[in-house]
Amino acid sequence: MYWIEIIGTFAFAISGIRLAAAKQFDLFGLFIVGFVTAVGGGTIRDVMLGVRPFWFDDLMSLLIVAGALVLYYFFHKLVDRIAGTIFLFDTIGLAIFTLLGMIKALDMGCSAVIAIVIGAMTGAGGGVIRDIFINEEPLIFRKEIYALACVAGGLVYLLLEYFNFSPAVYRTGCVAGVIIIRLLATKYHWQLPKVKMEK
Amino acid sequence: MYWIEIIGTFAFAISGIRLAAAKQFDLFGLFIVGFVTAVGGGTIRDVMLGVRPFWFDDLMSLLIVAGALVLYYFFHKLVDRIAGTIFLFDTIGLAIFTLLGMIKALDMGCSAVIAIVIGAMTGAGGGVIRDIFINEEPLIFRKEIYALACVAGGLVYLLLEYFNFSPAVYRTGCVAGVIIIRLLATKYHWQLPKVKMEK
Amino acid sequence: MYWIEIIGTFAFAISGIRLAAAKQFDLFGLFIVGFVTAVGGGTIRDVMLGVRPFWFDDLMSLLIVAGALVLYYFFHKLVDRIAGTIFLFDTIGLAIFTLLGMIKALDMGCSAVIAIVIGAMTGAGGGVIRDIFINEEPLIFRKEIYALACVAGGLVYLLLEYFNFSPAVYRTGCVAGVIIIRLLATKYHWQLPKVKMEK
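Chains as they are written, first to last, in this note's numbering: chain A, 1 to 199; chain B, 1 to 199; chain C, 1 to 199.
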């Protein structure tokens, strides 16, 4: 699980770094945007739960973002070419972060509904902060199902837990739920409806 | 008072949902923007005061935003037509949230000046976060008196309390102060001066 | 040191007020943007460390921002003319805030690396929030070395402390480090590299 978390952090960092590079930010800007994308969701969660940001006690996130930056700087053509693989990593990261958010929220006494909200915030929050930093409308408010996949995964978690499955089962179920919904949504271009505005 | 808070939450949610719909966000985006508009100010207040966001323990806010979303989705033409009424609700919400912010800040030992700042943040903060999320310059920095009405209401609160009026009086005074200033400012197009820039 | 902090707060406030005025925000908007520029970095630091924002207990920051606003409103041509001096103040503010952030982080048990991160956040965070509020891409991600000067100052601090120099020495060293790097970077247009994107 720790390794999967590292993969997710890496994928989130790369997604932030690529968008910042497209805006011609300098290397420091790339690092910051990569870092807030990777740890932003978890930081909001921790601040709201009243604990210190998780990356204060574990420098791994900082190191991964630095590594992603070095890699992207020297091999950005390669990275852009394997964007499909990166997308898969990103989806895995989304799922893992959602699960970690839910576990932490439930551990700290939050109700089921709030745990789902916090799970989705942990998974999708970094991308929203990233888009605010690069001065774009947050992508997740427009494109295909994204944060809703986190909500679905959270429901799977609670449902399986309710029926007394073991932690291994409902945690795997949560991660699988997020990944499957996200992949299906992308493949079949599922979109949430929009309100039609009259001119 | 609880009912008035519900009305205010609803009005704030609708204001966020309408602006997000104008940006062609999807339903999920509408929900998020409505939610941060409704609870954003109180969340900033709670995080700064070091307590958990108020909506962790009371799912009413989530439900109201969901209800506002359903209503807007099916009846958005109607909602747009009664925008004037919505504006009144919004003003009531602003006043109530300002009062709630001041009460909480004073309860938790903040000084009078900080209580006014926190009251204004609670009232007007959601609108600022909303505008950041939809990638617009915050409206309250440009248009007619808005957050300043919160400051005025806060002053009324402290003044009446200082002269030993009962809580019922100074709380009503605070709410009335915000509403009256805001309505007058809108009716007579009161504007704060701007610094004239030379070309 | 308290006086230098006041100078830094003033310079940060002016930088926010000037950018907000250029956007034709009203006086209240100028005050808010000046205030978040001046206290934003320290507020993020305090929220992450789990303590109340420093300006809750010391109204000096509020007063300085108010003073800067009055000054700018009446003498903005003069202020614009001495922009070079303001830049110097801003650099001093950056250095002082970085030092204050590091001291507070180390006091509260953070590791050396996190102390540097928090120092840089305290110094440079206000400018990022300012740019988000005025709906611009954060300047520090593009222009010459800025936040990296904070990191350099933080390294000087830790290095001198490691070799058992007295607090007076390593604190002065930290401030001097930030100022020197920032001034040199500006004078010689040092820039961090960017990733070259192919069309």
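Please note that the accuracy of each hint is not assured.
The list treats identical chains as one, so a pair stands whether inside a single copy or across any two.
Calculated pairs, SDA-like style, for lysine to any residue (alpha carbon to alpha carbon, straight line, at most 20 Å) [as the list claims (entries may be wrong)]:
no. : residue 1 : residue 2
1   : 196       : 83
2   : 187       : 83
3   : 187       : 166
4   : 23        : 135
5   : 187       : 136
6   : 194       : 180
7   : 194       : 134
8   : 77        : 50
9   : 77        : 159
10  : 23        : 192
11  : 23        : 196
12  : 196       : 179
13  : 104       : 57
14  : 23        : 194
15  : 104       : 47
16  : 196       : 5
17  : 77        : 136
18  : 104       : 3
19  : 194       : 78
20  : 187       : 84
21  : 196       : 67
22  : 104       : 192
23  : 23        : 71
24  : 196       : 66
25  : 104       : 63
26  : 194       : 166
In case anyone wonders, no lab produced these hints; they're calculated from the structure.
Structure-based check of each hint:
no.: 1; hint: 196 - 83; result: between (33 Å within a copy, 18 Å between copies)
no.: 2; hint: 187 - 83; result: within (15 Å within a copy, 40 Å between copies)
no.: 3; hint: 187 - 166; result: neither (31 Å within a copy, 62 Å between copies)
no.: 4; hint: 23 - 135; result: both (10 Å within a copy, 15 Å between copies)
no.: 5; hint: 187 - 136; result: neither (25 Å within a copy, 32 Å between copies)
no.: 6; hint: 194 - 180; result: neither (23 Å within a copy, 36 Å between copies)
no.: 7; hint: 194 - 134; result: between (25 Å within a copy, 15 Å between copies)
no.: 8; hint: 77 - 50; result: neither (41 Å within a copy, 42 Å between copies)
no.: 9; hint: 77 - 159; result: neither (43 Å within a copy, 38 Å between copies)
no.: 10; hint: 23 - 192; result: between (28 Å within a copy, 15 Å between copies)
no.: 11; hint: 23 - 196; result: between (31 Å within a copy, 11 Å between copies)
no.: 12; hint: 196 - 179; result: neither (30 Å within a copy, 33 Å between copies)
no.: 13; hint: 104 - 57; result: both (16 Å within a copy, 16 Å between copies)
no.: 14; hint: 23 - 194; result: between (28 Å within a copy, 10 Å between copies)
no.: 15; hint: 104 - 47; result: both (12 Å within a copy, 18 Å between copies)
no.: 16; hint: 196 - 5; result: neither (39 Å within a copy, 30 Å between copies)
no.: 17; hint: 77 - 136; result: neither (24 Å within a copy, 28 Å between copies)
no.: 18; hint: 104 - 3; result: within (18 Å within a copy, 33 Å between copies)
no.: 19; hint: 194 - 78; result: between (36 Å within a copy, 17 Å between copies)
no.: 20; hint: 187 - 84; result: within (12 Å within a copy, 43 Å between copies)
no.: 21; hint: 196 - 67; result: between (44 Å within a copy, 19 Å between copies)
no.: 22; hint: 104 - 192; result: neither (29 Å within a copy, 38 Å between copies)
no.: 23; hint: 23 - 71; result: within (18 Å within a copy, 36 Å between copies)
no.: 24; hint: 196 - 66; result: between (43 Å within a copy, 19 Å between copies)
no.: 25; hint: 104 - 63; result: neither (23 Å within a copy, 23 Å between copies)
no.: 26; hint: 194 - 166; result: neither (39 Å within a copy, 49 Å between copies)
Checked against the numbered hints given earlier, the structure breaks hints 3, 5, 6, 8, 9, 12, 16, 17, 22, 25 and 26 and satisfies all the rest.
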